[in-house]
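Respectively, the protein sequence lines represent chains A and B.
Under my numbering, the first residue of the first sequence is numbered 37, with each subsequent residue one higher.
Under my numbering, the first residue of the second sequence is numbered 3, with each subsequent residue one higher.
If you are wondering where the hints come from, they were derived from the structure by calculation, not from laboratory data.
Among the hints, a few may not be true.
Simulated pairs of lysine-lysine, DSBU-like, Cα-Cα distance not exceeding 35 Å [as the list claims (entries may be wrong)]:
hint	chain 1	residue 1	chain 2	residue 2
1	B	K24	A	K93
2	A	K114	B	K51
3	B	K51	A	K93
4	A	K93	B	K60
5	B	K51	A	K78
6	A	K93	B	K71
7	A	K114	B	K107
8	B	K107	B	K51
9	B	K71	B	K107
10	B	K107	A	K78
11	A	K114	A	K93
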Amino acid sequence: EPEVTQTPSHQVTQMGQEVILRCVPISNHLYFYWYRQILGQKVEFLVSFYNNEISEKSEIFDDQFSVERPDGSNFTLKIRSTKLEDSAMYFCASAPEREYEQYFGPGTRLTVT
Amino acid sequence: AQSVAQPEDQVNVAEGNPLTVKCTYSVSGNPYLFWYVQYPNRGLQFLLKYITGDNLVKGSYGFEAEFNKSQTSFHLKKPSALVSDSALYFCAVRDRGNTPLVFGKGTRLSVIA
Chain A
37 EPEVTQTPSH QVTQMGQEVI LRCVPISNHL YFYWYRQILG QKVEFLVSFY NNEISEKSEI
97 FDDQFSVERP DGSNFTLKIR STKLEDSAMY FCASAPEREY EQYFGPGTRL TVT
Chain B
3 AQSVAQPEDQ VNVAEGNPLT VKCTYSVSGN PYLFWYVQYP NRGLQFLLKY ITGDNLVKGS
63 YGFEAEFNKS QTSFHLKKPS ALVSDSALYF CAVRDRGNTP LVFGKGTRLS VIA
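Start from the sequences, fold in the hints, and give me the full structure.
As structure tokens, this is what we get:
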């Protein structure tokens, strides 16, 4: 069964550094998402992406964040200058159509020190 | 604004007994409702969804959920719990006109042998 994959599984970085989290969505899916889950808290929506552009973003997704689908398979989330409060589990998700269920990857645990 | 409430942080049930994990929601339009399960160090796995049609929906691993419009609830149920069902369960909702999922805070289910 096709799965969403994410790399790395765990990333440790120093405050102020740039990080790129990578995701490979399910191949025939058209809609892509990033969510994050701070330890012990709710899963929160960050951004949705369709047709090579952002379709919606939350208040969390400020100028420090960007997303890209550089080669038709990978879907990346970049944080330009990480802050301590960016430490969280970041989940990528994809869906074949906008109204279908979203399929989540295993997550990348980002630790900012 | 959309919201989801999962009133129980923890549900304990004996193996073989029926289980219920509660969820209530608030949306402006007609809801799309979802249940996801998260095992330790894993991503969110889709269990089931309600879009339209029968109020009782069946999903993976013997789980089902009942949509109750008057009570704005979407409780997750299983007739006979297994130890392997022990995990974190998330209810999620989206407005039909909207893309992002809004998650509840999660309910930890513990099934005791």
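Outcome of the hint check:
1. B/K24 to A/K93: holds (29 Å)
2. A/K114 to B/K51: holds (31 Å)
3. B/K51 to A/K93: Holds: B/K51 and A/K93 sit about 23 Å apart, inside 35 Å.
4. A/K93 to B/K60: holds (32 Å)
5. B/K51 to A/K78: This hinted pair holds, its Cα atoms lying about 19 Å apart.
6. A/K93 to B/K71: Distance of about 29 Å is within 35 Å: holds.
7. A/K114 to B/K107: With a Cα-Cα distance of about 26 Å, the restraint between A/K114 and B/K107 holds, given a limit of 35 Å.
8. B/K107 to B/K51: Between B/K107 and B/K51 the Cα gap is close to 18 Å, so the pair holds against 35 Å.
9. B/K71 to B/K107: The given pair, whose Cα atoms are some 21 Å apart, holds under the 35 Å limit.
10. B/K107 to A/K78: holds (5 Å)
11. A/K114 to A/K93: Satisfied, since the Cα-Cα distance of roughly 14 Å is no more than 35 Å.
Checked against the numbered hints given earlier, the structure satisfies every one of them.
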